[in-house]
Amino acid sequence: MPEGVIVGGWSYVIAAYSITAIVLVAYAWSIHRRGRDERGKRGRHE
Amino acid sequence: MRVVWSILAKDLLLEWRERARTLSVVLFAVVTLLLFSFALGPDVEALRAGTPGFLVLALLLSSTLALNESFRIEREDRALEGLLMRPVGSMAMFYAKALANALLLTLLAPVVVGLAVVLYSLEVGPPALAGLVGCWALGAAGLAAPGTLYAAMTSRLKTQDVALPILLFPLVVPVLLGSVKAMDLVLFGDAMNQLQSWVSLLLAFDVIYWAVCGVLFRYAVEEGE
Amino acid sequence: MNVRRSLAIAGLLLLVVGTYMGLFVAPPERHMGEVQRIMYVHVPSAWNAMLLYTFAFGFAIASLWSGKPEWDDRLVGAVEVAVVLNALLLVQGSIWGRATWGVWWDWDVRLTTSLVMLLLFAGVLTLRRMASAERRAQWSAVATIVAFVDVPLVYYCVRWWRSLHQIQSSPETVDPAMVIPLRLNAIGILLLGVAWLMARAAIEKARRRRDEAPLPSRVIVKETAHA
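Residue numbers (my numbering), protein chains in the order written: chain A, 5 to 50; chain B, 343 to 567; chain C, 6 to 232.
One chain only, chain A, in its complex shape:
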C-alpha cells in the first residue's frame, strides 16, 4: 500500500450515502404529497 492512504473510512462513506438517500427520498415524498394535496383540493372545488 502506498504511503498516506486513508485506512478504513467506510463509516464516512456509509454516512454520506445514507444521508443522500434519506434526503432524496424525503424530497420525492414531499413532492408527491404536495402534488396529491393540490389535486385533492382542485377535485373538491370542482
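No lab work stands behind these hints: they were computed from the structure.
Treat the hints with caution; some may be incorrect.
[Stated by the list, open to error] Once the Cα atoms are required to be at most 16 Å apart in a straight line, the calculated EDC-like pairs of lysine to aspartate or glutamate come out as:
| no. | chain 1 | residue 1 | chain 2 | residue 2 |
| --- | --- | --- | --- | --- |
| 1 | C | K73 | A | E42 |
| 2 | C | K210 | C | E139 |
| 3 | A | K45 | C | D216 |
| 4 | C | K210 | A | D41 |
| 5 | C | K73 | C | E139 |
| 6 | C | K210 | C | E75 |
| 7 | A | K45 | C | E217 |
| 8 | B | K500 | B | E411 |
| 9 | C | K73 | C | E217 |
Predicted, not measured: the structure shown is a model, and the values here were computed from it.
Chains B and C: place on chain A using the hints.
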C-alpha cells in the same frame, strides 16, 4: 439624467429635514463599533488587527438600517406609485435612490473611521486615511445598489426587518471580503501588491450590480400583468 | 405525466446501478482509499445543483421577458430542486472533509462558495413565500438573476481570500472504473432532478390556477355574509 438629480435632491433634502433619522444611523454604526471592541476584549493589538473587519461589519449592519428607511416615506404616502405614474421612469428613480443611499453610507466613513483610529490607536497618515475612506466608499456603493433593489421589494412586506438582511448579506459576501482585505492592506502594508486586485474586485462588483439592478428595478416596483 | 414518470424511473435506475458500481465495483483510490467513494454522489450533486441554478437563471430571464407565468412555475421547480441538491452537497462535503482533512468544515473555495450559494437561493425561496401573488413571479425572477450573477464573484473572492484548494478532479485523469459510476450517477440525478422540476412546476401551476379562479363557493359565502 436631470430626473435622477431632482429625485436625488429631493431625497437628500428630506434626509436633511429628518436629521434625527440620519443621525440615528451614524449612532448605530458607532455603537456597533464599540460593541465589537468590547466583545473582543481590551487587548489593543488584537483589536487593531481586527479593525478592517469591525469597520466593514459596522458599515454592513448600519446599511440595513439606512436601506430599510429609504423607502419608508414613499410607502407611507404611497408616493412610489405616484412617482412611477409620472414619466419619470423607474430606472431614474433607482439611480437616484441608490445614489442617495451610497452617499449616506459614505458619509458615515469619517465618523466611524475616525473613531476607530482613536479607539485602536492606529498610526496612520493622511494617505492611509484616504485609502480607508476610499475602500469604505467602494463598499458602500456595492451595498447600495443591490440594497436599494431589495429594499424596494422588502419595504412592502410586514417582515421587512428580517427579509432585507437575509437577502442582502449572502449577496454582499464579495463586498465584505473585498473591502476588509483592501482595508487590511491599506492599514498594515501591502507587501505583495495585492491591493489592486481587491480594489478591482470591488469595482467589478459595483459596476455589475449598478448596471444589473438598474435594469431589474422596474420589475421590483411595477405591478405584473 | 408519462414523460415525468419515465424520466424519474430512468434516473432512479441509473442511480442504483451507478451507486452499486461506485460502492462495490470501482477500486479504492490510491491515496484517499474508500473515502473517495463519497465522490460518486458528491460530484454529481455539485454538477446538477449548478446546472439547475443555471436553468433557473434562464427561466428567470424568460419569465421577465415574456411575462408568462409558466416560466415562473419552472423557475420555482429548478430553484427548489437545486437548493435540495446544494444542501446535500454541503453535508457530503463536510463528511468528506472530516474524513480527509480531519475537520468538519474548512474554508475551502468550493465548500464556502456552495454555502453562500445555498443561502442566496434559499433567500429567493423565502422572498417568494413572502411576496404577494401578483408580484411573486417578478420578484422571484429578479432575486434569481441577482443571486446567480453573484456566484462567480463569490467564487473568485473566496479563492483569493483563501488560496487553499484542491486540484480540480476531472474525469479524464482517473481510472475508467471510477468514471463510469460518476457519469451514471450524474445523469441519474439529472433525470431525477428534471422530473422533480416538472412535478414541482405542475404543483405551482395548479396552485396558481386555484388562486386565480375565484371559487364559486367562496363568493357565495361572502355574499351571504354581507346580507
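Decide if the proposed pair is consistent with the structure: K210 of chain C and D41 of chain A, CA atoms, cutoff 16 Å inclusive. holds (13 Å)
Starting from K45 of chain A, check that the Cα of D216 of chain C is at most 16 Å away, please. Since the Cα atoms of K45 of chain A and D216 of chain C sit roughly 12 Å apart, the hinted pair holds (cutoff 16 Å).
Please verify whether K73 of chain C and E139 of chain C have alpha carbons no more than 16 Å apart. Measuring from Cα to Cα gives roughly 12 Å; hence the hint holds.
Pair hint outcome, K73 of chain C versus E217 of chain C [Cα-Cα no greater than 16 Å]: holds (14 Å)
Holds or violated: are the alpha carbons of K45 of chain A and E217 of chain C at most 16 Å from each other? holds (14 Å)
Measure nothing beyond the straight line between the CA atoms of K500 of chain B and E411 of chain B; if it is 16 Å or shorter, mark the hint as holding. It holds: about 14 Å lies between the C-alpha atoms, which stays within 16 Å.
Regarding the pair K210 of chain C and E75 of chain C, is the alpha-carbon distance no greater than 16 Å? holds (7 Å)
Does E42 of chain A sit within 16 Å of K73 of chain C, going by the straight-line distance between their CA atoms? Answer violated: K73 of chain C to E42 of chain A is near 21 Å, above 16 Å.
Does E139 of chain C lie within 16 Å of K210 of chain C when you go C-alpha to C-alpha? holds (14 Å)
This entry does not satisfy hint 1, going by the numbered hints stated previously; all others are met.
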